[in-house]
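Q: Work out the full structure, taking the sequences as your base and the hints as a guide.
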Amino acid sequence: MSKKKNNVVPHGTKSLSTTRANRWGWIFTAPFGIVFILFLVVPLVYAFFVSLYSYTQVRGTIFTGLANYKRVFTDPIFLNGLKLVVLYTIVMVPIQLLFALLLALVLDSMKSKFASVSRLLYFLPYAIPVVIGALMWGFLYSKDMGPFTSLFQLFGMKAPDFLAPGSIFGSLVNMVTWQWTGYYMVILYSALQSIPTDLYESARIDGASEAKIALKIKVPMITSSMVMVTIFALIGTLQFYTEPMVLRNNANSAIPPEYTPNMYAQALEFNYNQMNYAATVSFALGLLVVIFSVLFMTLTRKQSGLED
Amino acid sequence: MKQNIDKGQKINKGHQIAAKVFMVICILYFILPVWWLIVAATKNNAGLFMGTGGPMWFDKHFALWDNIKELTTYQDGIYWRWLFNSLLYALVGGVGATALSVMAGYGFAKFRFRGRKVYFNIVLGALMIPTTALVIPTFIIMTKIGMNDTIWAVILPSLLSPFGTYLMRVYCQSSLPDEMMEAARVDGAGELRTFFQVSLPIMTPAITTVFLLSVVNCWNNYFLPQVVLANTKLFPITVGLTQWQAKSNAGAGVEQVWNLITCGAFISVIPLVLAFLFLQRYWVGGITAGAVKQ
Numbered sequence: 034m035s036k037k038k039n040n041v042v043p044h045g046t047k048s049l050s051t052t053r054a055n056r057w058g059w060i061f062t063a064p065f066g067i068v069f070i071l072f073l074v075v076p077l078v079y080a081f082f083v084s085l086y087s088y089t090q091v092r093g094t095i096f097t098g099l100a101n102y103k104r105v106f107t108d109p110i111f112l113n114g115l116k117l118v119v120l121y122t123i124v125m126v127p128i129q130l131l132f133a134l135l136l137a138l139v140l141d142s143m144k145s146k147f148a149s150v151s152r153l154l155y156f157l158p159y160a161i162p163v164v165i166g167a168l169m170w171g172f173l174y175s176k177d178m179g180p181f182t183s184l185f186q187l188f189g190m191k192a193p194d195f196l197a198p199g200s201i202f203g204s205l206v207n208m209v210t211w212q213w214t215g216y217y218m219v220i221l222y223s224a225l226q227s228i229p230t231d232l233y234e235s236a237r238i239d240g241a242s243e244a245k246i247a248l249k250i251k252v253p254m255i256t257s258s259m260v261m262v263t264i265f266a267l268i269g270t271l272q273f274y275t276e277p278m279v280l281r282n283n284a285n286s287a288i289p290p291e292y293t294p295n296m297y298a299q300a301l302e303f304n305y306n307q308m309n310y311a312a313t314v315s316f317a318l319g320l321l322v323v324i325f326s327v328l329f330m331t332l333t334r335k336q337s338g339l340e341d
Numbered sequence: 009m010k011q012n013i014d015k016g017q018k019i020n021k022g023h024q025i026a027a028k029v030f031m032v033i034c035i036l037y038f039i040l041p042v043w044w045l046i047v048a049a050t051k052n053n054a055g056l057f058m059g060t061g062g063p064m065w066f067d068k069h070f071a072l073w074d075n076i077k078e079l080t081t082y083q084d085g086i087y088w089r090w091l092f093n094s095l096l097y098a099l100v101g102g103v104g105a106t107a108l109s110v111m112a113g114y115g116f117a118k119f120r121f122r123g124r125k126v127y128f129n130i131v132l133g134a135l136m137i138p139t140t141a142l143v144i145p146t147f148i149i150m151t152k153i154g155m156n157d158t159i160w161a162v163i164l165p166s167l168l169s170p171f172g173t174y175l176m177r178v179y180c181q182s183s184l185p186d187e188m189m190e191a192a193r194v195d196g197a198g199e200l201r202t203f204f205q206v207s208l209p210i211m212t213p214a215i216t217t218v219f220l221l222s223v224v225n226c227w228n229n230y231f232l233p234q235v236v237l238a239n240t241k242l243f244p245i246t247v248g249l250t251q252w253q254a255k256s257n258a259g260a261g262v263e264q265v266w267n268l269i270t271c272g273a274f275i276s277v278i279p280l281v282l283a284f285l286f287l288q289r290y291w292v293g294g295i296t297a298g299a300v301k302q
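Going line by line, the protein sequences match chains A and B. Quick note: to get our numbering, add 33 to the position in the first sequence (first position is 1). Quick note: to get our numbering, add 8 to the position in the second sequence (first position is 1).
Hints were generated in silico from the structure; no laboratory data involved. Among the clues, some could well be false.
Okay, the calculated beta carbon distance ranges per label pair [stated by the list, open to error]:
id: 1; chain 1: A; residue 1: V91; chain 2: B; residue 2: T151; range: 36 to 46 Å
id: 2; chain 1: B; residue 1: G62; chain 2: A; residue 2: Y88; range: 49 to 59 Å
id: 3; chain 1: A; residue 1: Y88; chain 2: B; residue 2: L282; range: 19 to 29 Å
id: 4; chain 1: A; residue 1: T52; chain 2: B; residue 2: D195; range: 17 to 27 Å
id: 5; chain 1: B; residue 1: L132; chain 2: A; residue 2: T107; range: 51 to 61 Å
id: 6; chain 1: A; residue 1: F303; chain 2: B; residue 2: W88; range: 25 to 35 Å
id: 7; chain 1: B; residue 1: G259; chain 2: A; residue 2: Y305; range: 45 to 55 Å
id: 8; chain 1: A; residue 1: V252; chain 2: B; residue 2: W160; range: 23 to 33 Å
Some, not all, of what chain B presents toward chain A, calculated at C-beta under 7 Å [to be verified]:
id: 9; residue: L45
id: 10; residue: I46
id: 11; residue: F119
id: 12; residue: I144
id: 13; residue: W227
id: 14; residue: N228
id: 15; residue: V277
Cβ atoms here follow ideal geometry from the backbone N, Cα and C, with glycine treated the same way.
A: Right, dumping it as structure tokens:
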């Protein structure tokens, strides 16, 4: 797929001299490049630099090489946080992907006003900031203000405590699913819409059922979009921060301040004043996320849309 | 034969009904929390806890206007300041990020300059780097150069949008014919004029999408401003409301401003929801640009 594209590019730029292309290519991309260096490359390099030092009361800041990394990969708090976000990824990403796919397929098979209105309503949570969404669900989960207490009473049952340590995992999964499924649905739906219909018209004439058409023709046609959605969800979930941070205000006992690696880095920086170690945690997390995503992309190389 | 068709239609009808029921259930799932927020915005503290209509319906005491009034007086109306800050950060960050992405995407797609391949691959690689991993290092650097606790500490980092650049490049490659640019060049137009007068108008749908995505990103921003800002007057709405939430959970009596949180949250979501509704035509088409690569 990508090879074809590369072949297309050169033939049109013939009339542009190499020097001119060189000059204007750099002029157009330079402003972005400067911001890229200042706010991505520099912080990364600086984080790595800072992580090579340690601060002790007695000796001040001293060079300790990779000692902080040795510490972080044996630090039970960091490892627990990491285990947790990996678990969230394993549970949450497939749920969101399949839910979004199902919605997209159903919407794609319908052409009605009702379908286009529902599409918009499914997408609505994306337009609500994650923080506000988390605040809202915090209220909804609460015993006093949420609807679940009275809802369960209706059936003579006691509502579960959504903010207890045992149920917080599910509560957070639901929050994220609610917020992001619609967005992923729109991406998959747009991909479905761009499939030429004559591809499955003939299958339909041959008597193939809609479900079969969906599974055998539509889904394979949009794998590159699905891979892309998965990568988004994967990267987003591994850096889980906002939702647990906001919900923590309601669920102090269920969510410790160092629940996820990002929260741990924040706590180290602000609660424990350990700048060097906080930078180490940030850098280690970034590194792991990159490794995870590259691994995933290699596994799905053929389908991936994120290639040059 | 006719029987067969009838049977087929019947099955089809059954499917249709099942699909509709499923869709309605999903609508309820996505909409009811928002409905809760609308209702909660019209209640005072007492109504939130012991409202006559329950959590999902209006209280007999309609307190929306009182809540809005209280928002303008509580802590000298800092709420509106937060809302203004959010708008400022989102607009300046969104416009800036979009401008940089549009230029860069165009440059990558339309000029075969030296180093392009390596350069673009680095940008692609950056898509994998979690932005939150950069927050603590950015904070440390901002502190070192004394830019901490200023609006620039929030705005400048949000100008970076590798994904926007990627989207623009894909769009430029597929929608800007080289022949058209050549024609403009033959007519003697410089590269800048070609860019502004020939290419930009065609790029409008993609620009709208990238702009909306960037605005959402900035509007959503929480970790970075929470870390780099200490002055409550500079807070965006996200950081401000969570501060009220933390205070309300920890404190008692006058410290509890639940009604201000629900009403404030409700008002703050209106601009973006409206933007998405009215710009629907643009983003629905534009989001595809990156998702579909043929």
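Q: Hint by hint, note whether the structure agrees.
A: Quick rundown of the hints versus the structure:
1. A:V91 with B:T151: 36 to 46 Å: At roughly 24 Å between Cβ atoms, T151 of chain B and V91 of chain A fall outside 36 to 46 Å, so the hint is violated.
2. B:G62 with A:Y88: 49 to 59 Å: holds, 54 Å
3. A:Y88 with B:L282: 19 to 29 Å: violated, 49 Å
4. A:T52 with B:D195: 17 to 27 Å: With a Cβ separation near 21 Å, T52 of chain A and D195 of chain B satisfy 17 to 27 Å, so the hint holds.
5. B:L132 with A:T107: 51 to 61 Å: Between L132 of chain B and T107 of chain A, where Cβ atoms are some 33 Å apart, the hint is violated.
6. A:F303 with B:W88: 25 to 35 Å: holds, 28 Å
7. B:G259 with A:Y305: 45 to 55 Å: violated, 25 Å
8. A:V252 with B:W160: 23 to 33 Å: violated, 46 Å
9. L45: holds, 5 Å
10. I46: Given a least distance of 11 Å, the restraint on I46 of chain B is violated.
11. F119: This hint holds: F119 of chain B lies near chain A, its Cβ roughly 3 Å from the closest one there, short of 7 Å.
12. I144: holds, 5 Å
13. W227: Because about 6 Å separates W227 of chain B from the closest Cβ in chain A, which is inside the 7 Å limit, the hint holds.
14. N228: holds, 5 Å
15. V277: holds, 5 Å
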